[in-house]
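Order-wise, the sequence lines are chains A and B. Each residue of the first sequence is one higher than the one before, counting from 5 in our numbering. Each residue of the second sequence is one higher than the one before, counting from 5 in our numbering.
By construction, these hints were calculated from the structure, which means they are not laboratory data. Be aware that a few hints might be false.
Just so you know, same-sequence chains aren't split out, so a pair can sit in one copy or run between any two.
Claimed, not checked - When the alpha-carbon atoms are kept at most 20 Å apart in a straight line, the in silico SDA-like pairs for lysine to any residue are as follows:
| no. | residue 1 | residue 2 |
| --- | --- | --- |
| 1 | K104 | A43 |
| 2 | K104 | P66 |
| 3 | K104 | E125 |
| 4 | K104 | D32 |
| 5 | K104 | P33 |
| 6 | K104 | H122 |
| 7 | K104 | V124 |
| 8 | K104 | H127 |
| 9 | K104 | G115 |
| 10 | K104 | V119 |
Quick caveat, the model's predicted, so the values are computed rather than measured.
2 protein chains.
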Amino acid sequence: MPAQTPAVRGHPTRLGTHVLADIVEVADPDRFEPDFLSAAFADALRAAGATVLRFVVQEFEPQGVSVLAVLAESHASLHTWPERRTVLVDVFACGAMSPKLVVDELAARLGRCEVRLHEVERHAGPA
Amino acid sequence: MPAQTPAVRGHPTRLGTHVLADIVEVADPDRFEPDFLSAAFADALRAAGATVLRFVVQEFEPQGVSVLAVLAESHASLHTWPERRTVLVDVFACGAMSPKLVVDELAARLGRCEVRLHEVERHAGPA
Numbered sequence: 005m006p007a008q009t010p011a012v013r014g015h016p017t018r019l020g021t022h023v024l025a026d027i028v029e030v031a032d033p034d035r036f037e038p039d040f041l042s043a044a045f046a047d048a049l050r051a052a053g054a055t056v057l058r059f060v061v062q063e064f065e066p067q068g069v070s071v072l073a074v075l076a077e078s079h080a081s082l083h084t085w086p087e088r089r090t091v092l093v094d095v096f097a098c099g100a101m102s103p104k105l106v107v108d109e110l111a112a113r114l115g116r117c118e119v120r121l122h123e124v125e126r127h128a129g130p131a
Numbered sequence: 005m006p007a008q009t010p011a012v013r014g015h016p017t018r019l020g021t022h023v024l025a026d027i028v029e030v031a032d033p034d035r036f037e038p039d040f041l042s043a044a045f046a047d048a049l050r051a052a053g054a055t056v057l058r059f060v061v062q063e064f065e066p067q068g069v070s071v072l073a074v075l076a077e078s079h080a081s082l083h084t085w086p087e088r089r090t091v092l093v094d095v096f097a098c099g100a101m102s103p104k105l106v107v108d109e110l111a112a113r114l115g116r117c118e119v120r121l122h123e124v125e126r127h128a129g130p131a
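Using the sequences and the hints, build the whole thing.
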């Protein structure tokens, strides 16, 4: 990864923050349309300052979509369950980019919904 | 997503398990070679019974690689910090596939290393 990871030698180093967001009770069913949702996710990543290197959209039958983004800062993913009005997101970011901001930007584009966040600090071993 | 999610109406539903694995102190520097590592990750996914739909490999300068896999069961990611002998993995799986087994299969292919696991249950909102 490109980010530098200075640390006291022999001590674990925090490499970045991994945010898992369960976005539930999305009120508007139109927000699950795959083209809308993948564009909203790309916009949210850019609005949060992420550098998107690759962007993969996979639609499922009869419904649902998975979106994966390779970022200069690590990655982001999105999976939908329209029948349960649910979007599950994860954003892992090393460096200055805020993964929580990506979730906030996406949630703002989904209209009325409820966001449940889970944050995990990721570490390297001793140098 | 293709997996069905039966639930008592009005109650949150567990959609799957998200495993975050910090694989540290990888002893053999050759295991960080991007071609080896992406093949090992693909093999680990298949050995764990995952159905890989898309597989994206992004190399970084001067070193490091990110691998993202779109699965029928959700997704998996891998990022490396060779200078810190560290591989960070996440596997999110709905359905019968075990995300922890993917990590075990990958770790077995990395030789001597230490694995630190963090498991998070992911949920949908009420139907």
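Here is how each hint holds up against the structure:
1. K104 x A43: Answer is within; shortest intra-copy Cα gap is 18 Å, inter-copy 32 Å.
2. K104 x P66: For K104 and P66, neither the intra-copy (31 Å) nor the inter-copy (28 Å) Cα distance is at most 20 Å.
3. K104 x E125: both (13 Å within a copy, 19 Å between copies)
4. K104 x D32: Result: close neither inside a copy nor across copies, 22 Å intra and 35 Å inter.
5. K104 x P33: Classified as neither; 24 Å inside a copy, 33 Å across copies.
6. K104 x H122: both (10 Å within a copy, 19 Å between copies)
7. K104 x V124: Both, since 12 Å and 17 Å are each at most 20 Å.
8. K104 x H127: Intra 18 Å, inter 18 Å, cutoff 20 Å: intra and inter.
9. K104 x G115: within (17 Å within a copy, 35 Å between copies)
10. K104 x V119: Answer is within; shortest intra-copy Cα gap is 11 Å, inter-copy 26 Å.
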